[in-house]
Amino acid sequence: MSAEVAISLSGVTKRYAGAATVAVEPLDLDVERGHVVVLIGPSGCGKTTTLRMINRLIEPTAGTITIDGTDIRDRPVTELRRGIGYVIQQVGLFPHRTIAQNIATVPTLLGWDKRKVRDRVDELADLVGLDPELLRRYPSELSGGQQQRVGVARALAADPPVLLMDEPFGAVDPIVRARLQAELLALQARVHKTIVLVTHDIDEAIALGDRVAVLNVGGVLEQYAAPDDLLAAPVNDFVGQFLGHERSIKRLSLARVANLALDGGLVADVEAGIDAARAVLAKGHGAWLGLIEGGRFAGWVPVDEVEAAGSIAELEPEPAAAVVRADSTLREALEVILTSRSSTAVVVDEHGTFGGTVTLEAIREGLTR
Amino acid sequence: MTTAFREPHARSRRRWWWLALAVAGAAFAAWAKVRISHLDTSTQATNPIIRWEYLFKRPETRSELWTRTTEHLQLTVVPVALGLLISSMLAAIGLRFRWLLTPITLLSGFLYTIPSLALFGVLVTYTTNWTAAVVALTSYTLLILVRNIVAGIDGVPSAVTDAADGLGMGRVRRLISVELPLALPVILTGVRVATVTTVGLVGISSVIQLGGLGSLIFTGYNSSYPTKMVIGAGLSVLLAVALDLVLRLVERLTTPWARRRVGA
Amino acid sequence: MIALAWAARLAAAAPEADPTNALQWFQRRSLRTTSGPIPDQLWLTLWHSLAAVAIAVVIAVPLGLVLAHYRKAEALSGVVVNLGRVVPTTAIVGIAVLVSLRNGLGYEPWPIIVALVLLGLPPVFANTYTAIRGVDRDAVDAARAMGLTETRIMRSIELPLGLPVILTGIRVALVQLVATEAIGSYFGGEGLGAYIRQGFANDSIAQIQAGAILVAGLATACDLVLWLVMRPLTRRGSSPRARRGATIDVQPTTGAATT
Amino acid sequence: MKQRTWTRGLLALLAVLALLAGACSSKKSTSSSTTTASSSGTTAAGSGAKVRITSQDFNEQKTLAQVYGQYLKAQGFDVTIQRPIGTRKQIFAAIKGGTADLVPDYGGSAATELDKTGKPSPDQAKTEARLAAALKGSGMAASAAAPAQDINALTALTTWAQQNSVTTISDLKKVQDKVTIGGAPECANRPDCLQGYEGPVYGLKFKGFKAVSYGPPLVAGLKANTIQVAQYQTTAPEIASGEIVVLKDDKGLQGADPVVPIFSSKVSSPALIKALDTLSAKLTDADLAAWNKATDIDKSEPVDVAKKWLQDKGLI
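Protein chains in written order, with the working numbering: chain A, 1 to 369; chain B, 370 to 633; chain C, 634 to 892; chain D, 893 to 1208.
Since the hints were made in silico from the structure, they are not lab data. None of these values were measured; they are calculated from a predicted model. Misleading hints may appear alongside valid ones.
Distance ranges between label pairs, derived from CB positions [claimed, not checked]:
| no. | chain 1 | residue 1 | chain 2 | residue 2 | range |
| --- | --- | --- | --- | --- | --- |
| 1 | D | 1200 | C | 687 | 50 to 60 Å |
| 2 | D | 1051 | C | 707 | 48 to 58 Å |
| 3 | B | 405 | D | 1011 | 40 to 50 Å |
| 4 | B | 541 | A | 133 | 45 to 55 Å |
As a list, the in silico SDA-like pairs of lysine to any residue whose alpha-carbon atoms are at most 25 Å apart [what the hints assert, rightly or not]:
| no. | chain 1 | residue 1 | chain 2 | residue 2 |
| --- | --- | --- | --- | --- |
| 5 | D | 988 | C | 836 |
| 6 | D | 1185 | B | 543 |
| 7 | D | 1200 | B | 540 |
| 8 | D | 1199 | B | 423 |
| 9 | D | 1185 | B | 434 |
| 10 | A | 283 | A | 328 |
| 11 | D | 988 | B | 427 |
| 12 | D | 1097 | D | 1063 |
| 13 | D | 1018 | D | 1177 |
| 14 | D | 1070 | C | 676 |
| 15 | D | 1028 | C | 836 |
| 16 | D | 1115 | D | 1063 |
| 17 | A | 114 | B | 543 |
| 18 | D | 1115 | D | 1024 |
| 19 | D | 1140 | D | 1093 |
| 20 | D | 1008 | C | 836 |
| 21 | D | 981 | D | 1024 |
| 22 | D | 981 | B | 498 |
Below, a sample of chain D positions facing chain C; criterion: calculated Cβ distance under 7 Å [unchecked claim]:
| no. | residue |
| --- | --- |
| 23 | 972 |
| 24 | 981 |
| 25 | 1077 |
| 26 | 1104 |
| 27 | 1112 |
| 28 | 1116 |
| 29 | 1203 |
| 30 | 1204 |
Cβ atoms here follow ideal geometry from the backbone N, Cα and C, with glycine treated the same way.
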């Protein structure tokens, strides 16, 4: 990943006239190109203010903000905003315009020709997974989730390098929200925008952010780190409390099985013969031995049967009850282990090739790393 | 949502209503046709309250009524149009400088409470009757129009204006292509109420000899001829209803987006 | 506007009888001997209007209350109210007078009061209906759940909660009727409108203006007095939200004093 | 649902409007002579000179305006018959101000309006002379007076007059405490009306004055006993029918009041005066009374009454 800085805030301060407190204390923050940076914090922490200062919907009292090294004040404000995608919680679609017209807002403002605009709208509908049939409708005829997709499409219309999202999924129900989050990640994997996203939902922050900035009241930046680092090592009580009591549980859904130091466990290859298998058993202890056949996991056999058997062919392995993929989260692995009778889950890749085993112990160690 | 809780048979019942209305209308039309064909100037001897022969047996009547109606229409449309122009400016000032909004509303509210007869009376002492009527009628439209324009613009969801700003629309463009279209239903409602109110008030402007349907009412009274009063009042109601419907049509045509809603 | 024009004339009070000097008209009783003394005309206008409002309230408030409570005649009430708004007041007054004359009942006070009642009904009814419809359904449901009879609900829940809006309707109606009473003078009625009519007939700008000032003044005074009298009533027992609602819900009829 | 209702309402309305429009357009060609009349007539006299005629707002006046208007139009003048104007003062102001040209007025009343000092006389020639003097320098002129005249008259219900044994205005003295006089609003300020009755001429003191629209409402007021006497006209149809009776003007408050066309000097021409004189000479008291019966009682339109009269006299 490149470390190139796309958006840089330095000493950015917002003080409202007549207000006793400062909305945003001098804040320094760098956002790397192609990253999703999540701003999170309690109400009044200035996260939305900070976001809105980036496209100058709010003017900072002091400090400078640069995008690609250029001070945002050096460009005409409307031109600046046309180059920054903007998505908000209430979506803010124009009710009097069709979906297609809504998506075409910025391209039209930029004076693209009609054909190009139309093509772009179709492309974006496809990109955000919007039925082309909906393009002729008005916003009021769409569901909340569909509207939010339109909001994202509208923000991406002129292909801006930077996207600002203010609680984009705050107004939709949890099921739709989870789906939209997944879609956003999939979309980001294709478009590689620099995204600044505000949320008050720590799970969303962890799920979406490459880096998470935790802000305290008054815009004080408490910690700015990758989600896993944040959960593993909150710098102070505020961040710790904000992350909640179940940090480890949260990390479970963040870390992947592949990240664990996978050991082979009590596994033997059928080709190697019964003696090799017994040698494996001698190295560790357990009640079951896993058998590999042709790179695939064949099943488990009880240890006493291995000891008693004359050859491997005599053994009748039981198929594995707990199987996880290497790209599964630890949370999924834990779930699989807890719901199966086995204390060990078998890790396979997408082709079913054996990759190792995971135990409760391994998961625990992974979290205390 | 509330509509969902209405009586389930509302629709079919309404259909019956229309049918009943159509039957009644047809019956009335048939009856009227027979009546009219039997009308004769000799019925004047019986001195009825309503003399239908004035309307149906005298060819000149219709063109005279048409003249009165167009006079009435002119005295309605001109003040409403002027009122809309002035209200737009007042509303623009009020929206730009919020502290001026209260005085503007108070002033237009004060104008609204002056009895029309009194206002006509005072204004004719300064200018021609026609101008006086137009000035008075215009001033009565201001309260409704200013209030609705401001309410319409204020009623635009903040999320929408925020999005417009965020997408890089300038102030003027935001007003023209986002706020005004969205405020249109409320503004047009104001125009509708103002128009209907003005139709009624024009009737009173006949005290300063400006014709219109009101003059039928006054003439009818002055010559103890209720037929003319009833016709004047009836046409006045019809004109108000017609203008109301026309403006509703305009509203529907200009705001197609407000009609279709997802069935929630 | 009027006040300004009038004030300008104050300065120019001439010794000679000046047909354009409204102040002089007020000062010299001799100038208005033929149109009746001001207190008489003021009183006529006031009692005609008050009587009409009282009758309209007695008819329209119970009717609106019951119809709104049972959610009956919704479309019909809308039509009636709107018709009341578009039927020219002159026609109602004029026809009432003609009917009265045909039946030998004379010019006043009955025809004008009947006409005023007809004109006062729509605003009072509309506001009562809106007010009762606007009462929180939950409050009514709760009352019903506690075993209150429908009559009791109307009397002790809906009526008090709807009172601010109903009172606004009554106030609006009175102001409207005072203004309309003036038009009655064109149909043989007496009252403050007589000054305006006489002024037109005799080309006396002063008298037209004086009449206009008197009518507008009485209308404004009625508005103010009722507002002051009703304020404690509207405060009591109603939430601030209900009071705000009073100005929004009945938008078409608040302040509609012009006739 | 709501949409549907609405659409139907609109369709119904459009249908009604279409019918009305159809009816109007088909009638228009036959009724162009009602208010405005262009110089379609070919006869030479008027040669298209523009004349705008106005009147006061009661039936006799409206009929007179139509009679003169339709006749002048037939004589080739470009005639517009305007809406009635409120008072005589406003009519003269309009003629002087150039927004109207001609009014069929009454000589005595017109003279009094222009010159308050003039003394009314029952003699027609003296009245004409008084009018001519009053018109001098006013920018207006009058043609010859018609034989027809409509004198202001104090009237009462015949039954009421009999019951109270009132035949003259002076007789009212004995019942004045229970007499309310009704009249047009301007009566209150006129020397030949309330100010004459209560002033030096008769010295009466009525119970009150009530302003009532001039015309049938006056008689209605008498019948309803709201007023006991009414300042009305000698040509009132109710007098001919015996319903009301004129109280004799025993002290000569009223003068002669013949019909006289008064017009702006700007439109004055020998052709106009000749046409006006021809017509005026044909008008009689009986004609005025007949017109008033046709309009006030039988509710015919002044325009129709005028047309019929002109045709009957062979004037158009």
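Here's how the hints hold up against the structure:
| no. | hint | verdict |
| --- | --- | --- |
| 1 | D/1200 to C/687: 50 to 60 Å | holds, 52 Å |
| 2 | D/1051 to C/707: 48 to 58 Å | holds, 54 Å |
| 3 | B/405 to D/1011: 40 to 50 Å | violated, 56 Å |
| 4 | B/541 to A/133: 45 to 55 Å | violated, 34 Å |
| 5 | D/988 to C/836 | holds, 16 Å |
| 6 | D/1185 to B/543 | violated, 68 Å |
| 7 | D/1200 to B/540 | violated, 69 Å |
| 8 | D/1199 to B/423 | holds, 16 Å |
| 9 | D/1185 to B/434 | holds, 24 Å |
| 10 | A/283 to A/328 | violated, 28 Å |
| 11 | D/988 to B/427 | violated, 36 Å |
| 12 | D/1097 to D/1063 | holds, 12 Å |
| 13 | D/1018 to D/1177 | holds, 19 Å |
| 14 | D/1070 to C/676 | holds, 22 Å |
| 15 | D/1028 to C/836 | holds, 23 Å |
| 16 | D/1115 to D/1063 | holds, 20 Å |
| 17 | A/114 to B/543 | holds, 21 Å |
| 18 | D/1115 to D/1024 | violated, 40 Å |
| 19 | D/1140 to D/1093 | holds, 14 Å |
| 20 | D/1008 to C/836 | holds, 15 Å |
| 21 | D/981 to D/1024 | holds, 17 Å |
| 22 | D/981 to B/498 | holds, 15 Å |
| 23 | 972 | violated, 24 Å |
| 24 | 981 | holds, 5 Å |
| 25 | 1077 | holds, 3 Å |
| 26 | 1104 | holds, 5 Å |
| 27 | 1112 | holds, 4 Å |
| 28 | 1116 | holds, 4 Å |
| 29 | 1203 | violated, 33 Å |
| 30 | 1204 | violated, 32 Å |
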